[in-house]
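Student: Sequence:
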Amino acid sequence: HGTATAYLLLYVDDIVLTASSEVLLQKIIISLHQEFVMTDLGPLNYFLDSISESCRFSAVPHFYSTRYFKCNSNVCLHMHDPREPHFSSLKRILRYVRGTLDYGLQLFSPSTTYLVAYFDADWVGCPTTRRSTSGYFVFLGNNLLSWSSKRQPTLSRSSAKAEYCGVANVVVETCWLRNLLRELHTLLFFATLVYCDNVSAVYLSCNPVRVLHVPSRYQFADISTKCLPSTLFEGFRSSLSVRCPPAPTAGEC
2 HGTATAYLLL
12 YVDDIVLTAS
22 SEVLLQKIII
32 SLHQEFVMTD
42 LGPLNYFLDS
52 ISESCRFSAV
62 PHFYSTRYFK
72 CNSNVCLHMH
82 DPREPHFSSL
92 KRILRYVRGT
102 LDYGLQLFSP
112 STTYLVAYFD
122 ADWVGCPTTR
132 RSTSGYFVFL
142 GNNLLSWSSK
152 RQPTLSRSSA
162 KAEYCGVANV
172 VVETCWLRNL
182 LRELHTLLFF
192 ATLVYCDNVS
202 AVYLSCNPVR
212 VLHVPSRYQF
222 ADISTKCLPS
232 TLFEGFRSSL
242 SVRCPPAPTA
252 GEC
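With positions in the sequence shown counted from 1, the corresponding number in our numbering is that position plus 1.
If you are wondering where the hints come from, they were derived from the structure by calculation, not from laboratory data.
Small disclaimer: the values here were computed from a predicted structure and weren't measured.
Fair warning: there could be bad hints in the mix.
[Stated by the list, open to error] Between beta-carbon pairs, the in silico distance windows are:
1) Ala-7 / Ser-206: 32 to 42 angstroms
2) Val-173 / Leu-106: 18 to 28 angstroms
3) Pro-230 / Leu-91: 28 to 38 angstroms
4) Ser-225 / Trp-177: 44 to 54 angstroms
[To be verified] List of simulated lysine to aspartate or glutamate pairs, EDC-like, C-alpha gap at most 20 angstroms:
5) Lys-151 / Asp-123
6) Lys-151 / Asp-223
7) Lys-92 / Asp-82
8) Lys-151 / Asp-121
9) Lys-151 / Glu-184
10) Lys-28 / Asp-41
11) Lys-28 / Asp-15
Cβ coordinates follow ideal geometry from the N, Cα and C atoms, glycine included.
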């Protein structure tokens with residue numbers, strides 16, 4: 002509307018409306034009242050179980066989440082059948098929450114508009130399913146926009162594959178965010194940077210090639226770089242043709 006901009010966020014029957022001009026904001030509210038039966042609750046302070054708080058002096062809004070949701074942590078994996086050791090971990094979480102009740106997510110007016118993502122993954126983190134967990138954080142300037150910590154749906158036969166699958170997920174997320182920002186008329190002039198600490202995954206991302214996986218139990222070179230369980234050590238030693246000589250038979254000299 003001219004040089005003024007307005008954004009309307011609709012979720013089922015909840016609406017968040019913001020505009021760069023107070024005149025435009027009131028005009029939109031009046032138009033909505035003329036078309037729909039609705040209630041104006043005033044400035045935003047509670048939306049989808051999150052509390053929004055604006056600091057007038059520093060113009061830094063805070064968001065506090067008040068929902069207890071299912072996460073992919075080790076404690077929540079046992080929430081339907083808990084045991085005594087799980088309660089010890091739960092008490093530690095509650096102590097942390099109690100000490101950080103005043104903490105919130107701060108959002109700043111960005112001086113630069115570029116996306117940066119940080120990613121990491123473990124390998125075979127779950128001893129039962131042998132699935133890996135990957136997580137990422139996506140920033141727009143200094144503002145945290147998106148984050149995730151999730152168990153991967155597939156099995157990874159190497160740490161490189163676990164990291165590479167996770168990188169693919171964060172790239173999908175950043176592509177969606179770039180499209181969303183484009184719809185909001187926030188143009189990004191630089192490519193998204195994705196930081197990953199696994200060299201193999203970085204090389205695969207830059208130059209996709211076919212990868213031949215060598216299982217750890219067949220990687221004989223492991224005997225020269227690390228301490229191994231006795232079963233693996235003896236198996237590798239035998240594969241390297243280092244064996245005990247056969248017992249002499251009767252009559253041999």
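Student: Hint by hint, say whether it matches the structure.
Tutor: The hints, checked one at a time:
no. : hint                                  : in the structure
1   : Ala-7 / Ser-206: 32 to 42 angstroms   : holds, 39 angstroms
2   : Val-173 / Leu-106: 18 to 28 angstroms : holds, 23 angstroms
3   : Pro-230 / Leu-91: 28 to 38 angstroms  : holds, 33 angstroms
4   : Ser-225 / Trp-177: 44 to 54 angstroms : holds, 45 angstroms
5   : Lys-151 / Asp-123                     : holds, 11 angstroms
6   : Lys-151 / Asp-223                     : violated, 30 angstroms
7   : Lys-92 / Asp-82                       : holds, 16 angstroms
8   : Lys-151 / Asp-121                     : holds, 11 angstroms
9   : Lys-151 / Glu-184                     : violated, 28 angstroms
10  : Lys-28 / Asp-41                       : holds, 13 angstroms
11  : Lys-28 / Asp-15                       : holds, 19 angstroms
When each numbered hint is compared with the structure, violations occur for hints 6, 9.
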